[in-house]
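> Please work from the sequences and hints to get the whole structure.
Protein chains: 2
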Amino acid sequence: MTSPLRKLETCFSPALYEPELHEGAIVVVIDILRASSAICTAFANGAKAIIPVSGVDEARDYKSKGYLVAAERDGFVLDFADFGNSPFNFTTERVKDKTIVYSTTNGTGIINLASSAYSIAVGSFLNIDALFKWLTGQEKNVMLFCAGWKNRFNLEDTIFAGALAEKLLQTGYYSTMCDSTLAAVDLWSVAKPDIRAYIEKAAQRTRLRDKKLDDCIDFCLTSGFTERIPVMKNGQLVSLTE
Amino acid sequence: MTSPLRKLETCFSPALYEPELHEGAIVVVIDILRASSAICTAFANGAKAIIPVSGVDEARDYKSKGYLVAAERDGFVLDFADFGNSPFNFTTERVKDKTIVYSTTNGTGIINLASSAYSIAVGSFLNIDALFKWLTGQEKNVMLFCAGWKNRFNLEDTIFAGALAEKLLQTGYYSTMCDSTLAAVDLWSVAKPDIRAYIEKAAQRTRLRDKKLDDCIDFCLTSGFTERIPVMKNGQLVSLTE
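Going line by line, the protein sequences match chains A and B.
Numbers in the numbering used here are just positions in the first sequence, counted from 1, shifted up by 15.
Numbers in the numbering used here are just positions in the second sequence, counted from 1, shifted up by 15.
Please keep in mind that the hints were generated in silico from the structure rather than gathered at the bench.
Hints should not be assumed to be uniformly reliable.
Stated by the list, open to error - Cross-link-like lysine to aspartate or glutamate pairs, in silico, DMTMM-like; alpha carbons within 20 Å at most:
(1) B:Lys-165 - A:Glu-35
(2) A:Lys-165 - B:Glu-35
(3) A:Lys-165 - B:Glu-33
(4) B:Lys-165 - A:Glu-33
(5) B:Lys-113 - B:Glu-73
For clarity, every value in this text was computed on a predicted model and none was experimentally measured.
Below is the structure:
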């Protein structure tokens with residue numbers, strides 16, 4: 016089977032996103048430390064749906080309606096929340112068959128920005144293999160949308176975009192005229208021999224370590240943990256595969 | 016002599032610039048293809064001053080006042096202008112002792128954005144050695160500000176930022192907690208063995224080739240062409256050194 020050539024693009028920050036260019040594309044939202052890794056973990060452990068929210072008040076409202084809520088600010092679990100934002104909190108015991116509200120400023124922001132796209136999927140190292148396989152089966156352009164940190168470029172989201180872009184470009188189905196994609200692939204080539212050592216130098220790594228929230232980083236850099244692909248459907252994230 | 020540790024940061028796009036964070040810094044403005052390379056060439060060839068302007072109308076007004084004007088749009092020299100924006104147009108015969116108006120949308124934009132900084136200097140491969148030497152003699156933080164292209168990340172500005180950042184970090188006078196700087200240095204490490212081949216794949220390279228404006232690219236990637244460092248003084252660029 017030959018496929019028409021699809022466009023592959025990468026965006027390093029919400030401040031650089033151009034929604035009108037990606038209306039027909041599948042947008043992969045990426046926030047490796049830690050929202051997209053936590054969301055993939057939740058579905059791996061049987062969550063039914065995740066409602067991403069940006070604000071604390073919105074999360075509190077959901078809690079009062081009886082939802083399970085994951086919410087923290089500056090490393091502290093908020094008093095009304097059931098647990099914090101680390102992937103390790105989304106255990107099978109807690110999340111199986113549940114709808115969970117996940118408070119994430121960066122993650123919710125980029126999902127909203129991408130709302131005019133054909134489809135929105137959540138990407139992390141944990142589901143990279145399944146995501147890659149699914150994307151290649153779709154006849155769609157792909158936009159790799161990095162959440163960054165407070166609108167800034169970050170290394171961990173970029174090397175994930177590079178890892179996925181490298182695989183997609185190797186299929187021959189995709190082409191890119193996007194310098195961000197080329198840069199991401201090259202940074203991935205530098206990081207690949209030892210991604211844990213590479214991420215040691217990233218700013219978010221240091222921020223999480225300072226707050227003692229860095230215990231999940233090794234896990235967030237692990238490939239092939241789950242076949243689940245979270246996608247947006249009617250304002251909620253659900254798993255594409257059972 | 017030991018120096019206090021200075022901060023080194025990099026910004027990949029005007030859309031990501033945070034002026035309030037760089038008020039005490041020297042901002043190096045970077046638009047390798049072609050504004051910052053053309054400006055460095057003009058001073059190498061004896062220009063007295065350069066007035067960067069963003070709009071065609073502004074450039075036309077200056078022309079009517081008798082200034083020498085370099086201006087083009089989409090690869091065509093504007094009818095009222097004296098010549099176009101390529102570094103090769105800034106010959107000694109044309110520019111020696113002259114004040115030149117240079118029309119550059121990207122370049123003017125980032126100079127305006129950086130106006131609250133301690134100082135603004137123009138950087139390109141052509142003056143990288145002199146610029147490096149001068150920066151290390153200043154007790155200031157440094158922000159490497161890439162013009163990009165229409166607010167997008169680009170490879171040529173980034174690898175220049177990486178080349179300069181690598182040299183600055185090696186002195187031990189600078190430290191960085193900025194993922195953009197770390198990425199730029201890593202991309203430079205990939206590009207360095209053959210920067211001309213590396214820039215072949217960049218999007219702006221393709222755009223210039225399509226418009227047959229790519230004859231200056233080899234020149235723009237040449238290090239050590241001039242000792243001149245263009246800096247902003249009273250709304251004009253002048254050479255720091257005679």
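> It remains to establish, for every hint, whether it holds in the given structure.
Hints, one by one, checked against the model:
no. : hint                 : in the structure
1   : B:Lys-165 - A:Glu-35 : 15 Å, holds
2   : A:Lys-165 - B:Glu-35 : 15 Å, holds
3   : A:Lys-165 - B:Glu-33 : 11 Å, holds
4   : B:Lys-165 - A:Glu-33 : 11 Å, holds
5   : B:Lys-113 - B:Glu-73 : 18 Å, holds
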